[in-house]
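Below, each chain spelled out in residue letters.
Number of protein chains: 2
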Amino acid sequence: MSDREVLAQLRAELGDALDTTDASLEAARADKSGHASTGRPLAVVHARTVSDVQATLRIASGTGTPVVTRGAGTGLAGGANAGPGEIALSLRAMDRILEVRPDDLLAVVEPGILNADLNRALAEHGLWWAPDPASRDISTVGGNIATGAGGLLCAKYGVVRDAVLGVDLVLADGRLLRLGHRTVKGVTGLDLTSLVIGSEGILGVVVGATLKLRRLTRGAVCTIAATFTDVGTAASACSAVTAAGLQPAIMELLDAASLAAIHDLLGLATPTPGEAHVTVQTDGVAAAADAAAIATVLEAAGGRVAVSTDPTEGERLLAIRRSMHPAMARLGTTLIEDVSVPRSALAAMFTRIAEIERRYGLVIPTVAHAGDGNLHPNFIFDGPDVPAVIWEAADELFHAALDLGGTLTGEHGIGALKRRWLADELGDDQWELQRQIARVFDPQGILNPGKVFAT
Amino acid sequence: MSDREVLAQLRAELGDALDTTDASLEAARADKSGHASTGRPLAVVHARTVSDVQATLRIASGTGTPVVTRGAGTGLAGGANAGPGEIALSLRAMDRILEVRPDDLLAVVEPGILNADLNRALAEHGLWWAPDPASRDISTVGGNIATGAGGLLCAKYGVVRDAVLGVDLVLADGRLLRLGHRTVKGVTGLDLTSLVIGSEGILGVVVGATLKLRRLTRGAVCTIAATFTDVGTAASACSAVTAAGLQPAIMELLDAASLAAIHDLLGLATPTPGEAHVTVQTDGVAAAADAAAIATVLEAAGGRVAVSTDPTEGERLLAIRRSMHPAMARLGTTLIEDVSVPRSALAAMFTRIAEIERRYGLVIPTVAHAGDGNLHPNFIFDGPDVPAVIWEAADELFHAALDLGGTLTGEHGIGALKRRWLADELGDDQWELQRQIARVFDPQGILNPGKVFAT
Numbered sequence: 029m030s031d032r033e034v035l036a037q038l039r040a041e042l043g044d045a046l047d048t049t050d051a052s053l054e055a056a057r058a059d060k061s062g063h064a065s066t067g068r069p070l071a072v073v074h075a076r077t078v079s080d081v082q083a084t085l086r087i088a089s090g091t092g093t094p095v096v097t098r099g100a101g102t103g104l105a106g107g108a109n110a111g112p113g114e115i116a117l118s119l120r121a122m123d124r125i126l127e128v129r130p131d132d133l134l135a136v137v138e139p140g141i142l143n144a145d146l147n148r149a150l151a152e153h154g155l156w157w158a159p160d161p162a163s164r165d166i167s168t169v170g171g172n173i174a175t176g177a178g179g180l181l182c183a184k185y186g187v188v189r190d191a192v193l194g195v196d197l198v199l200a201d202g203r204l205l206r207l208g209h210r211t212v213k214g215v216t217g218l219d220l221t222s223l224v225i226g227s228e229g230i231l232g233v234v235v236g237a238t239l240k241l242r243r244l245t246r247g248a249v250c251t252i253a254a255t256f257t258d259v260g261t262a263a264s265a266c267s268a269v270t271a272a273g274l275q276p277a278i279m280e281l282l283d284a285a286s287l288a289a290i291h292d293l294l295g296l297a298t299p300t301p302g303e304a305h306v307t308v309q310t311d312g313v314a315a316a317a318d319a320a321a322i323a324t325v326l327e328a329a330g331g332r333v334a335v336s337t338d339p340t341e342g343e344r345l346l347a348i349r350r351s352m353h354p355a356m357a358r359l360g361t362t363l364i365e366d367v368s369v370p371r372s373a374l375a376a377m378f379t380r381i382a383e384i385e386r387r388y389g390l391v392i393p394t395v396a397h398a399g400d401g402n403l404h405p406n407f408i409f410d411g412p413d414v415p416a417v418i419w420e421a422a423d424e425l426f427h428a429a430l431d432l433g434g435t436l437t438g439e440h441g442i443g444a445l446k447r448r449w450l451a452d453e454l455g456d457d458q459w460e461l462q463r464q465i466a467r468v469f470d471p472q473g474i475l476n477p478g479k480v481f482a483t
Numbered sequence: 029m030s031d032r033e034v035l036a037q038l039r040a041e042l043g044d045a046l047d048t049t050d051a052s053l054e055a056a057r058a059d060k061s062g063h064a065s066t067g068r069p070l071a072v073v074h075a076r077t078v079s080d081v082q083a084t085l086r087i088a089s090g091t092g093t094p095v096v097t098r099g100a101g102t103g104l105a106g107g108a109n110a111g112p113g114e115i116a117l118s119l120r121a122m123d124r125i126l127e128v129r130p131d132d133l134l135a136v137v138e139p140g141i142l143n144a145d146l147n148r149a150l151a152e153h154g155l156w157w158a159p160d161p162a163s164r165d166i167s168t169v170g171g172n173i174a175t176g177a178g179g180l181l182c183a184k185y186g187v188v189r190d191a192v193l194g195v196d197l198v199l200a201d202g203r204l205l206r207l208g209h210r211t212v213k214g215v216t217g218l219d220l221t222s223l224v225i226g227s228e229g230i231l232g233v234v235v236g237a238t239l240k241l242r243r244l245t246r247g248a249v250c251t252i253a254a255t256f257t258d259v260g261t262a263a264s265a266c267s268a269v270t271a272a273g274l275q276p277a278i279m280e281l282l283d284a285a286s287l288a289a290i291h292d293l294l295g296l297a298t299p300t301p302g303e304a305h306v307t308v309q310t311d312g313v314a315a316a317a318d319a320a321a322i323a324t325v326l327e328a329a330g331g332r333v334a335v336s337t338d339p340t341e342g343e344r345l346l347a348i349r350r351s352m353h354p355a356m357a358r359l360g361t362t363l364i365e366d367v368s369v370p371r372s373a374l375a376a377m378f379t380r381i382a383e384i385e386r387r388y389g390l391v392i393p394t395v396a397h398a399g400d401g402n403l404h405p406n407f408i409f410d411g412p413d414v415p416a417v418i419w420e421a422a423d424e425l426f427h428a429a430l431d432l433g434g435t436l437t438g439e440h441g442i443g444a445l446k447r448r449w450l451a452d453e454l455g456d457d458q459w460e461l462q463r464q465i466a467r468v469f470d471p472q473g474i475l476n477p478g479k480v481f482a483t
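The listed protein sequences derive, respectively, from chains Z and B.
To convert a position in the first sequence, counted from 1, into the working numbering, add 28.
To convert a position in the second sequence, counted from 1, into the working numbering, add 28.
Hints in this document: simulated from the structure, not taken from any laboratory.
Be aware that one or more of the hints could be misleading.
Remember, identical chains collapse to one label, so a pair may be satisfied in a single copy or spanning two.
Straight line, CA to CA, 16 Å or less: simulated EDC-like cross-link-like pairs of lysine to aspartate or glutamate [claimed, not checked]:
1. K240 x D190
2. K60 x E303
3. K184 x D131
4. K60 x E327
5. K60 x D165
6. K60 x D338
7. K240 x E127
8. K240 x E41
9. K240 x D131
No experiment lies behind these values; they were computed from the predicted model shown.
Chain Z on its own, in the form it takes in the complex (with noise of 0.2 Å):
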């Protein structure tokens, strides 16, 4: 079928809810990753209800007519970017919250909403939903679950798949499933609803979800500051810190290469050259004794160390970790990496990274996760492509990661970007096992092809 019978059945179905001026269909291209397709999509869909996404999906698989969709465009790995012939699916007016419930510790809400303005309206309620990430002021609460985004929080809060009991998810060919429950367990059948979490668009569209809500935590937060003479001695420290038992709310690690363009970027001291540094905030009732323990470990590892209860100050201290993005953006382009390693190998992490930059003649700045063993490392060039030594230089770094037992992608998902490394992590049999299960959901393919699974 024609572009323009497909265009002609949408606008006939949708009305207003189709879009195709140039910029939307230009925005509709590219993500956060710097990363975008080959040319403008047929059309953005802003989708206002349930029914709108039916109707599309039903045009879309009535004329073999590919679906991308999107939230608010912020992923990393090229996930929601839609190409030529593509219908691009927007849920991001699809923002409503539509069920509150304090004594169910539970909220379902609409794909479009933002992760900030869910746990402020929350907040109301003494309640949260833990899943933070970095993005959380412009990133969505759909592009949380479809990318199984994690965050700052992880290690003592959870990642996404720990925080919802259940979506509503359209299929490809329109029908709208109910999967998983309002309970805190059920068991019935196959548990779909994690399946599709981080599924990044391949098995349906996500028009729904029950969250497991937490209540705020009690008590005040207390942050650390540790500088270390380098990286590795950080990494190591922040090692003891889990083998020691102890468990931070946030353990975040800056290599001197971050903390340089940082400090640049805000006007602060020039630091001393190769000191990374460590942020740690405890929180809840034993948020005091947990942050002198903790201290103690990161002094005992090598730390310069200082423990502030102030607010302000914690967040001024967490502020400098939040500048990272910007700070590499004025440095080129920025390619985010995002490996993850067991938590005992986070130094060992940092030394095969410290030997790519030797071997390509790269500066990697990396910030990590460090409670929870996840690093982006971040790869900067000039222009619009990666450059193919840069893709050397991240091949190398995903086998160094698989290596240490670990993974090519923490939380940012495999999208367009990370897609030939996938059989290299799950082996040839699972990735075709996978990639049988996608089929089961969207026999004709329809639903975001050319993303996870490469072609």
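Could you slot chain B onto chain Z? The hints should help.
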């Protein structure tokens, strides 16, 4: 192929691991549900190694012979019961702890280890694995994973799915897949680990698991005993605890019929007719403050409340709860049901149970994991087979739970006993989709056929 030829192949490959003694074949017909298969299976294979499992499955797939995987046989839904023409594959002898990593908060274990044995070994490292089924002394980690079992601590410490990082899975054709990660975060492709958890032996055979551990909880444990004039008041009081933002480690409710039977078993004074009992434990550094706050809520809701910080008294109170199964066994054959509802609906569910009792002239002693909304109504009858009237009453029970936003099974699974209700909860579309996914793993349908999905 004839049974004799299948046995000859198994004997040639597995030698002493093959068991065709009458006692073993008879034992493999049943679990703790009271339900048994229609006759003895072909053989029991006592796998000692992953290779034994792979060899068994290669022969099974080559000959089209069904395989029913078993652990300790403590299931409550008939999911591990093996019948005529089937191979019972026991993993109970694969019970080694392969690795404990306090620094990475993980352990790698074989599936046959008992839950309690694992936690005894982990305690030496100051660690524990949170899933805590009431059967922990006699049930295996593999069975826990296969059923997605819950237990007493789920509201505070999560369900099995939150506590498993990866599983090693032997497919129906004997291939071994390594699913999941050793890292806190990991989003490479579809989350097949979560799909396998709770899949009741229909996707493959779990031969190893990487478990996510916790540090042993610090601080004393406080125990609260509360008595209420009736079960509805007790249930409302439990809901009020959750609604007040308090989080017990354990909150168990016993109705009057349960309490009477247990007191009779233990030789305790006969309880006042109609009274219901709630036992709460708090733990962690705020245990005492939490206990005081919970006691206040329970008193305001009508309870007569006593708080104890004596561990012996705490154990004595919980022992009453743990005597539920033996107390029921003295009354007759028991069908232990397992519905779960949102926590706010606990009292409403007890009302529905009372209506069913009246309508069918039954007494249905019921205990509830009141912290998470999971109820275990016990149907008592004479003889080995569930009478039709009991299934009619159970049918009403299941639909009452669904009406209240709940589920057929919180933690025991579908197995053989609930398969005819599965589509009532999932809907026909999702039921069919789940069945197709299982077929991707097991195209011949030799893995636990007739379980989960009604044929």
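Checklist entry - Looking back at the hints listed earlier, which ones does the structure fail to meet? => result When the structure is compared with the hints, numbers 2, 4, 6 and 8 turn out to be violated.
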